[in-house]
Amino acid sequence: MKSRFPIVIPLVVCLLVTWAQYMVFMVVPNEQIMGAVQRVFYFHVASAMACYAAFGAVLFASIAFLATRNTKADMLSIAAGEVGFVFCTITLVTGMIWGHSAWNTWFRWQEPRLVTFLVLWLIFLSFTVLRNFGDPKKTAVHGSVLGILGALSVPIVYVSIKFLPQSARLHPEVVERGGLRDPSYWQAFGLSVFALLSLCALLTWLRYRVGLLDAQVRVRLFENKE
Amino acid sequence: MRRWVRVLAMLIAKELRLEARGKELSVLLLCTSIITSVLVGAGVSGAVLQPDVVPRLFPMLLWIVFLLSTTSASVRGNEHENEGRGYEGLLLCGVTGAQMYVAKVVVWAIIFALNWVLLCSLLGIALDQNLISVAGGLLVVGLLASLVLASLTVLTSAIAASAALRGAILPLVTLPLLFPLFFAGIELTTAVMIVGSVDLSSMWVGIMVVSFTLFGLVGINTYHEVISE
Amino acid sequence: MNRSSTLVEVSGIVKAFGEHCALNSVSLSVCQNEVVLLLGANGAGKSTLLRIAAGLSRADRGLVDVCREPCVGFCSHHGSLYAKLTVRENIALTARALGVSPQEVQDACSTWGIDKYCTKEVRELSKGMYGRVALARTFLGSPRVVLLDEPSSNLDQEGVDILCSKVSAGATERAVVIATHDISRLQDVATRVVVLERGVVVADSLNNSDRGEVLAQFYGASR
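Residue numbers (the numbering used here), protein chains in the order written: chain A, 3 to 228; chain B, 163 to 391; chain C, 165 to 387.
None of these hints come from the bench; they were simulated from the model.
Some clues are possibly wrong.
As the list claims (entries may be wrong) - Among chain C residues calculated to face chain A with C-beta under 10 Å, some are:
id: 1; residue: 180
id: 2; residue: 181
id: 3; residue: 182
id: 4; residue: 183
id: 5; residue: 184
id: 6; residue: 185
id: 7; residue: 222
id: 8; residue: 224
To be verified - Taking lysine-lysine and the DSS-like style, the derived pairs with C-alpha atoms no more than 30 Å apart in a straight line are:
id: 9; chain 1: A; residue 1: 139; chain 2: C; residue 2: 291
id: 10; chain 1: C; residue 1: 330; chain 2: C; residue 2: 280
id: 11; chain 1: B; residue 1: 185; chain 2: C; residue 2: 291
id: 12; chain 1: B; residue 1: 185; chain 2: C; residue 2: 330
id: 13; chain 1: C; residue 1: 280; chain 2: B; residue 2: 185
Unchecked claim - Simulated restraints, written as ranges between beta carbons of each label pair:
id: 14; chain 1: C; residue 1: 233; chain 2: B; residue 2: 226; range: 46 to 56 Å
id: 15; chain 1: B; residue 1: 241; chain 2: A; residue 2: 17; range: 20 to 30 Å
id: 16; chain 1: A; residue 1: 134; chain 2: B; residue 2: 241; range: 15 to 25 Å
Keep in mind it's a predicted model, so treat the numbers as computed, not measured.
Beta carbons: idealized from backbone N, C-alpha and C, even for Gly.
For reference, chain A alone in the conformation it holds in the complex:
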């Protein structure tokens, strides 16, 4: 298959990510209380948004596959699931780094967003394991059903943890409360979000293309063997 994918897009995304890194590490001043550790915030929030977007894509692709049985929708679901898993891991790890610095503990079970992301990570993990070790004849349907179940369960997980009586909402709500007063903070934040969302979309697209090519190569190899 001739590639219809312009090479300029990955270059632009790389440039965006590099520019975001430059802004975060070289331009933005140190935060007063947290110091240098606060810089993890830009990747943390942006990865979380990318993860949500990927999960949305999994939900959309899963419903589309069950409705149409189009294998391309299944490929998209696999791609978004794998890429979402990576971004979910980044969110969890950067969140733990922040937590260790700010709250002096790696993980707080009373914190709704942290636990929600842990559950989300587990759902992505089970999704990936099922895709690789499930019944090959049925993984597409089973993965789609799990994708729908997982995506619909996440809001209930979030609500349930939020209402736990001992739940202490330590998670900073920087953006909601109008934080980031310095204009460079806003620029770095906006750029990080845009860069990581683009990276997420690019990786999903590449993984989707690899999936399609993989299927074609397998068919060719099989035909040649016969």
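Fit chains B and C to the given chain A structure using the hints.
Below, chains B and C alone, put in the same frame as chain A:
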């Protein structure tokens, strides 16, 4: 509608008969529950906790044992379907996946509720907790939880049934989706142990109802796709 | 032959399992009054085609139009039976789902010679008896379309005779497709022969008009 209900009743009777004959789910639940209760009892006594700490730990321990035993045991719940592919014969006669799913949820919920009663008694003895005065409240919580659990495990065990690694895949797929039930269960059990009854207007009951509705809707609409090729 | 009332119509069926293409654009239409022998080597796609026609498997592409009134009689080599239920319970399950009378159930049991085993769990039966129970279940409710996947593989001669008489008795009312390797015992009951090879229909006595020639061609190919 009458035919739908008649077929459903027939499927429920079939599930009960198969379970009564094979006893796969109930024996596995019984054994896992006894073993884990003994382990929990021995572990807690070995930890030499203050006597007032044990009642506070009790709901959490009860729920961990309940969720783990039911999830791991439900691996065997679909074996009789795959032995001779009996479900295909039913699908060919116009029985729908939704009817099969609902019948299984009803039967599994009954078995899980019995397991809950057994576990409450076993752990009550192992951890020296007097639960007779709160038995009614615990039963209501157990019935609600069994419905939620059954509505999810019927679907996830069918997903895991044909996988080579089904023993590992089933808990991995099921447990993350059960977090809301886990939290709601612990909170309701704690409240029952303090007050003695269940507040049905509580938000935790609401979370169980929403989870049951969600899993039930997905199950009814996708079970046919999950079991067929 | 009157080909006006088509009961099974599949066209352009494509089905792949991973990289293996099991069926590659298969078309087949079977009318009332036809008994089709579906021949082919192992892995030719016979079972897959029957499962798709029965509605138990979904084709990747193509159209499937099969008369499902009152049901589709499909007998796979699994038997579609619950191993831990008795013969009577298994048959009653199908009968109740279809609304078939108890008398018809009784008749089916005596026709297939399984009434002695009614209270036995089917897992305790011999393979031959298991096959008879599966076939008795398949013919319950007088389906207009009957699809049989290697029905005679475990049957003794008496069982095959019952099968042949059952197929020919209702032939005018129904369409029957039998996937088999047991040509010698079943060719007398067939009105048409279709040969599948690597997921493609390579011969059909309907087009060729000479059943013997198609069979000879198949024997030649499989030798």
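Against the structure, the hints:
The closest approach between the C-beta of residue 180 (chain C) and any C-beta of chain A is roughly 8 Å, which is under the 10 Å cut-off, so the hint is satisfied. At a threshold of 10 Å, the smallest CB-CB gap from residue 181 (chain C) to chain A is about 6 Å, leaving the interface hint in force. The beta carbon of residue 182 (chain C) is positioned within 10 Å of a beta carbon in chain A (closest approach about 6 Å), and the interface hint is therefore held. Look at residue 183 (chain C): its Cβ gets to within about 4 Å of chain A, closer than 10 Å, so that hint holds up.
Interface hint at residue 184 (chain C): satisfied, since its Cβ lies 6 Å from the closest Cβ of chain A, which is below the 10 Å cut-off. This hint holds: residue 185 (chain C) has a C-beta 7 Å from the nearest C-beta of chain A, less than the 10 Å allowed. Interface restraint check: residue 222 (chain C) against chain A, minimum CB-CB distance 7 Å, threshold 10 Å, status holds. Contact between residue 224 (chain C) and chain A, as hinted, is supported at the beta carbon level, the nearest pair being about 8 Å apart and thus within 10 Å.
At most 30 Å may separate the alpha-carbon atoms for a hinted pair to count; residue 139 (chain A) and residue 291 (chain C) meet this at roughly 28 Å. Straight-line distance between C-alpha atoms of residue 330 (chain C) and residue 280 (chain C) comes to about 20 Å, which keeps the hinted pair within the 30 Å bound. Distance check on the hinted pair: residue 185 (chain B) and residue 291 (chain C) sit about 25 Å apart at the alpha-carbon level, within 30 Å; holds. With a C-alpha separation of about 38 Å, the suggested pair residue 185 (chain B) and residue 330 (chain C) falls outside the 30 Å cut-off, and the hint is violated.
Taking the CA atoms of residue 280 (chain C) and residue 185 (chain B), the gap is near 27 Å; set against the 30 Å cutoff, the hint holds. As the Cβ distance of residue 233 (chain C) to residue 226 (chain B) is approximately 52 Å, the hint placing it in 46 to 56 Å holds. For residue 241 (chain B) and residue 17 (chain A), the Cβ-Cβ distance of about 56 Å falls outside the hinted range of 20 to 30 Å, so the restraint is violated. In this structure the hint that residue 134 (chain A) and residue 241 (chain B) lie 15 to 25 Å apart at CB holds, the actual value being about 24 Å.
The structure is inconsistent with the numbered hints 12, 15, although it conforms to all the rest.
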